[in-house]
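Engineer: Protein sequences, first through last, are from chains A and B. Everything in the first sequence is counted per our numbering, starting at 32 for the first residue and increasing by one. Everything in the second sequence is counted per our numbering, starting at 60 for the first residue and increasing by one.
In short, the hints are calculated from the structure, not lab data. Among the clues, some could well be false.
Claimed, not checked - To give a feel for the contact side, a few chain B residues facing chain A, derived at Cβ under 8 Å:
1. Asn150
2. His369
3. Gln372
4. Glu373
5. Arg376
6. Tyr381
7. Lys387
8. Tyr389
9. Arg410
10. Asn412
To be verified - Partial chain A-side listing against chain B, Cβ under 8 Å, derived:
11. Ala45
12. Leu49
13. Arg51
14. Ser121
15. Gln123
16. Gln132
17. Ser144
18. Leu146
19. Phe149
Predicted, not measured: the structure shown is a model, and the values here were computed from it. A virtual CB, placed ideally from N, CA and C, is assigned to each residue, including glycine.
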Amino acid sequence: MSAPRLVLIEDNPADVLLVREAIRETGLTVELICYPDVPEAISALANEADPLPDAILIDLNLPRGEGITVIQALRASGRLEGVPLAILTSSQSPRDLEQAQKLQVCRYIHKPSTLQQFMDQVGGAITELLGAAR
Amino acid sequence: MTIAPPHVVHRSQPARGKIRLLLVDDNPDNLISLEAMLHGLTDEVVLARSGAEALRHILENQDFAAILLDVKMPDMDGFETAELIRTRRGNRNTPILFLTGFRNDEQLFRGYDLGAVDFLFKPVVPEILRSKVTVFVELARNNQLLRSQAETLAKAELKFRSLLEATPDAMLITQADGVIVLVNAHMHELFGYERGEILGQNLRVLVPGWSFPPLPRTGAGTAGHVSEPQDLCGIRKDGSKFPVEMSLSPLQTEEGLLITSVIRDISERRKAEESIRLLNAELEARVASRTAELSRSNDALRQFAWAASHDLQEPLRMVVAYSQWLDKSYGQSLEGPARQFLEYIVTGAMRMNNLLAALRDYMQVTDAGNQELTLVDAGKCLDRALSNLQAAIDSSSATITAGLLPSVMSVPVLLVQVFQNLISNAIKYSGNGTPPRIHVSALCQGSECVLSVQDNGIGIAPEYHDRVFGVFKRLHSDGTGTGIGLAICKASVEHWGGRIWVESALGAGATFRFTAACAKEMA
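If we strip away everything but chain B, and leave its shape as in the complex, we get (with noise of 0.2 Å):
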C-alpha cells in the first residue's frame, strides 16, 4: 500500500469556476441520451426532469454556459420556464437552446421571442449538438477568462492606489512634459493644492526646477530606472518656497512615456544638517580656543621653567661660589654649630646647582620638537653615551657590553642622553660592593626595535615601574640623583614615537626597554 505524501494530494486548481451545463427534459432517456452525447465538453452536467427543478438548480447555482431546455413537458413547458429564467437578473443572458419535436414557425417566433439562442430539432443528431453547445461553452471560458482578468486589473489598480497613499512623499505622474495626471494625498500635504486644482497643470508649478530627463545627471531616463535623487526647491500654493528632494521614475505606456516624481519634504533634514554644521563649527571654534589657551599656558609655562632653570642660576652661582669661599677660607675658625650651618648651606647650594642643570637638560629635551628624526646609528650613539661616561665606568669597575645595535630614527643628542642616563643610572644603582654589570642590546620586530639596557644592580620594585619616569620622581635619598634623568629618558623617547618601560623586581636588576623605528630588519 503507498501513501501519496501530503503536498500531493491538494492539488491546487486553477482559478476559474466550473463550466456547467444544465439539461431540462421530462423524459429521463433523453436526458441521458443527451448528457452521453455531451460527455467530456464540460466541467459539469445538470439534468433537470421539469421547469421547476430546472428554476431550483438555477436559484441554486444560477452561472449556466448554456441551458437546454425541452420545450414540450408537462406542467411547465419550455417557454413557460424561459421566460421565468428571463425574470432572473443574473440569468438574463444566459444562452437557452430549446429542444424541439417539429419546426413550427409560431414556436420559433416565440422562442426567440424569449431570448432564444437556438432550436434543436428532435431527433438531436449527436455532431450538431456537440458543435452548438461548444460555442457557448468557448463563450463562458471566455467571459470568465475576461472577468478574472478585470478582477486581476482592478487588484493591481488597488494595490498601485494604496502604495500611491501610503508612501510619505508626494508622488505625481506627469506626461513626459510635466503635465500632471495623477497625484496622491501628500501632494495636497506638501503644496497645499486640492487634487481637482493640479491635475492638467505642469509640475513645474510646484517644483520650478523639473525637468526631465533629469539635468544634471545623463543616463538616468531610460524606463523603470529610478533617477539619483535631486534637491530642488518646492513651491507651495501660498508661494512660500521649501527644499525638496525629488527621484524620478519613467514608464513607457501605450499612451506614452509617463514620469512618477516622488517629492520628498527636506527642510527638517535640512535644519538638522545644518544645526550639526552649526555645532560643529561650535566645536571646532571651542576645540580651537581651548588649543590656542592650552598652548599659550604652556608657553607661559615654558617661560616659566626657562626663568627657573636660566635666571635662578646666576644668583645661585653667587650663592654657591661665596658660600664654598667662606666654607674654605673661614670654615676652619667657624665654632661647632655654625660650622654645621655653612655645610647644610653648601650641600643646599650645590643640590640645588644640579637640579637647575637637570631641569635645563630636561628642558632642552622637551623643546628638541623642532629637531627632525634622521636615521642614528645607535651603536655609534652608545660609544659617545659610554665615552662621556668613562670616568663614573672606570670609578667603579663597570663592565659593559653590547650586541649589534641597528640604525634607528631618532635623534643623535637625544639617544646619547638616553644611553647616558640609563647607563648612568645603571652604574649608580648597583649592588653594594657588587661592580656593575651592564649589558646594552636591540632586537628589531618588523619596523620596530626594542633597545635595552640590562643591568645587576638593586632592582626597582614592580609598585615604582610607572613612576621613575615622573619628572623630580626619586626613589633614592642618597643626594646624588636629580629624579630628572628617566624623565629625560621618557620625553626623548616619546619625541621620536617610541615608549619606555622597565623589567624589574627588587633585588634582581633591572631591564630598561624603549622602542624606536628601525629602517630595515635586522638578520
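Bound-form chain A, shown alone (with noise of 0.2 Å):
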C-alpha cells in the first residue's frame, strides 16, 4: 500500500519546512504535496485524473484568496466529501475560527510559537488525520 497523501496548503517555505519536520518525527511515511496559494490548490484538487488525498492541512492567510475560499470551493464540489480537513493558522481573530467551525473542520491548529510546541501540536495533528483516513 502507498504511503498516505497529505495536501499542505500554505504559502510560507519556512512553515512548509516545519511541517515536513514535525512528520519526520512522527515517523510516519507521508507523501506530501504542498499548493502555495488559492488558485493553484482549487485547479490541482478539481482535477478528476489525480488521486484524492487521505487529509488536506490548510493556512488560513493566502495570497491570491483566503483559506476560507478554498475550503468553501471544495466542500462545494463534493469531490472532498469524507477528507479530513484541518486549518494550520496564525491568526488569533475569533472571526476566523467562528468560520472554521461553521465550515466544520476537523482541528483548528494555531501555529505555535516554540520548535518543541510545533513538532507536538502538528505532529500529533497530521498522525490524527491521517488515522481518521483509515
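Dock the two chains into a complex; use the hints.
Structural biologist: Structure (C-alpha cells):
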C-alpha cells in the first residue's frame, strides 16, 4: 500500500519546512503535496485525473484568496467529501475560528511559537488526520 | 430715693405745636381772673398788660389760637392794637375777641371792621368765655393737624418722586388702558421722548407688547403685586428697537386703577447672554473636535498596538522556531562564542514572544469596554484562576486559602485574569526557600467590596507601590515577568469602576487589594 497523501496549502516555505520536520518526527511515511496559493490549490484538487488526498492541511492567510474560500470551493464540488480537513493558522481572530467551526473542519491548529510545541501539536494533528482517513 | 430709668425721662411729645392764647388787659386782676376761667383749655396762656406788650409777644411768637383784647386801655387801646396786629402778615387771620364794658354799636362796627370775630361783654360770664374760646382752640387744633398732614403728604410725595427718579429703570405710571400719567427721567434716556411729549400718550407707543393684566401669565393683576418680569420689545423715538424687561405693579386709587410699569433696557444683558452662548458653543465645538482628535489618535495607537502584537508575531515565530531548530540541530557543533550568540538569540526571541503575548492580553482587557458588567461569583472565578495556575502552584508547593467571596459586578474573564495575575505574582515573588502562603479574602462595606490577595513573599518597597501597575514596569530583571500582569489587573479593575492598590513593605509580604461593587452586604 502506497504512502498516505497529505495536501498542504501554505505559502510560507519556512512553515512548509516545519511541517515536513513535524511529519519526519512522527516517523510516518507521508507523501506531502504543497500548493502555495488558492487558485493553484483549487485547480489541482478539482482535477479528476489525480487521486484524492487522504487529508488536507490549510493555512487561512494565503496570497490570491483566503483559505476559507478554498474550503468552501472544495466543499461545494463534493469531490472531497469524507477527506479530513484541518486548519493551520497564525490568525488570532475569533471571527476566523467561528467561520472554521461553521465549515466543520476537523482541527483548528494555532501555529505554536516554539519549535517543540510546533512539532508536538502539528505532528499529533497529522497523525490523527491520517488515522481518521483510514 | 428712686431714680427714673433714663428711657422714661424724655418721653417725646406728639409732633404738634402748643395751642396758646394771648390775653391783653391793663388791669392785672382782670388778667388773673380771665386766666383762671380759661384754665385747662389750652396748653399755654400768655398775659399782656398793654397793647405794646401784646405786640411784643406776637413778634416773638405769632402763632396764637386766639387773642382776647381789652378795648379800653391807656396809651394804646384795643382797636389800635388790633389794627397793628392785622398789619402783620402772619396774623391777618388770627381770631381776635374784644372785651368791652358796654354795648356800643359804633364800637361793634369798628371792631368787626378790624376783623374781630366776636365781642365779650364785661362782666365776663365764665361759661360763655370758655365756650367761645373753645371754638377757636378747636379751630387752631384742626388747622395744626391739617398743616401736619399736608407736610406728611408733601414729604411722601417727595419720597415717591426721589424714588421714581433714583431707580435705574424707566418708570411710567399709566391708567389701566395704558395712558401715561407720570414718567421719570430715565424714560427720556431710554426712549428719547421728552416728558411733555409722552404724557397722555399710550404706553404701547413705547412698548407695543404692553398689556394689563400681563398676557402670558395670569394672577398677577391683583393690586399691590408686582408681576413677573416680561421680556418685550421697546421702540425709541427714532424708531429703533431694543429688548426690555418689564414688570407691572397695579395700584387701586381714588382716580381708578393705576399701573406702574418698570422698564429696563436689557440690550447689554442680551449681548452678554449671546456672547456666553457663543462662547459655550465654541467651547463645546472645541471639546468635540479635541475628543474626536483624541479618539482618532487613540484608534491609531490601538491599531499600532494591534499591529505590534499581532503582525510582529508571525516573523517572530519564524525567528523563535528556527533559532531553536538551529540550536537543537547545530548548537553542539558551534564554536564557543557562536554558541553563546545563538543562545542570546533564542532567549531574546522567546522574551519578545512572551512580551507580545502579554501585550495581546492587555489589549484584550482594554478592548473589553464593550463587555457588559454582570454579577459574577468571585469564588468561581478564583477557582478558575487556581486551576489555570495548577502547574505553578504544584511546583512551588504554594498553600492557597480563601475566605467566603461574594458576587461582584464584573466581567468573568477579567476577574479570573485579575486573580490569576495576582496569585501568579505572589508565587513568583515568594521569599527564597519559603513555600508561598497566599490568602484571598473579601470585605464588603455597603455596596463596595474590597477583595484582597495576601502573600508572605519578598514584598514591595513603598516607593514602588504606584509604579508596579504601569505597563512594562518591572521591579525584577529575572526574565520571567513581562511587566504587564499588574497593568492588566489595573485596566480590568478600572473597567468595572474599581480601584487597585498594594499594601506592602520590603521583606514583609504584600497585600494587593481591589474593589468592585457587590450586590448586597455580606452577613
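Engineer: Does the closest beta carbon of chain B sit nearer than 8 Å to the beta carbon of A/Gln132?
Structural biologist: It is violated, given that the least Cβ distance between A/Gln132 and chain B is near 20 Å, above 8 Å.
Engineer: Was the hint right that B/Asn412 lines chain A, CB cutoff 8 Å?
Structural biologist: 5 Å, holds
Engineer: Would you check whether A/Gln123 satisfies its interface hint, that is, whether its CB is within less than 8 Å of any CB in chain B?
Structural biologist: Holds, about 6 Å.
Engineer: The hint names B/Lys387 as touching chain A; please verify it with the least Cβ-Cβ distance against 8 Å.
Structural biologist: 7 Å, holds
Engineer: With a cut-off of 8 Å on the beta carbons, see whether A/Ala45 makes it to chain B.
Structural biologist: For A/Ala45, the interface hint holds, since the closest Cβ of chain B sits about 5 Å away, which is under 8 Å.
Engineer: Hint validation: B/Gln372 versus chain A, beta carbon distance must be below 8 Å. Holds or violated?
Structural biologist: With a minimum Cβ separation of about 7 Å from chain A (threshold 8 Å), the hint on B/Gln372 holds.
Engineer: Restraint: A/Leu49 near chain B, CB-CB cut 8 Å. Satisfied or not?
Structural biologist: Hint holds; A/Leu49 Cβ to chain B Cβ min 6 Å, cut 8 Å.
Engineer: Does the interface hint hold: is A/Leu146 within less than 8 Å of chain B, judged Cβ to Cβ?
Structural biologist: Since chain B brings a Cβ to about 4 Å from A/Leu146, closer than 8 Å, the hint holds.
Engineer: Double-check B/Tyr381 for me: the hint is only fine if its C-beta lies closer than 8 Å to a C-beta in chain A.
Structural biologist: Since chain A brings a Cβ to about 7 Å from B/Tyr381, closer than 8 Å, the hint holds.
Engineer: Holds or violated: B/Asn150 as interface residue toward chain A, Cβ cutoff 8 Å?
Structural biologist: Given a least distance of 119 Å, the restraint on B/Asn150 is violated.
Engineer: May I ask you to test the interface hint for B/Tyr389 with respect to chain A, counting a Cβ-Cβ separation under 8 Å as satisfied?
Structural biologist: 13 Å, violated
Engineer: Let me know if the C-beta of A/Arg51 comes in closer than 8 Å to any C-beta of chain B, holds or violated.
Structural biologist: 12 Å, violated
Going through the hint list in order, the structure does not satisfy hints 1, 8, 9, 13 and 16.
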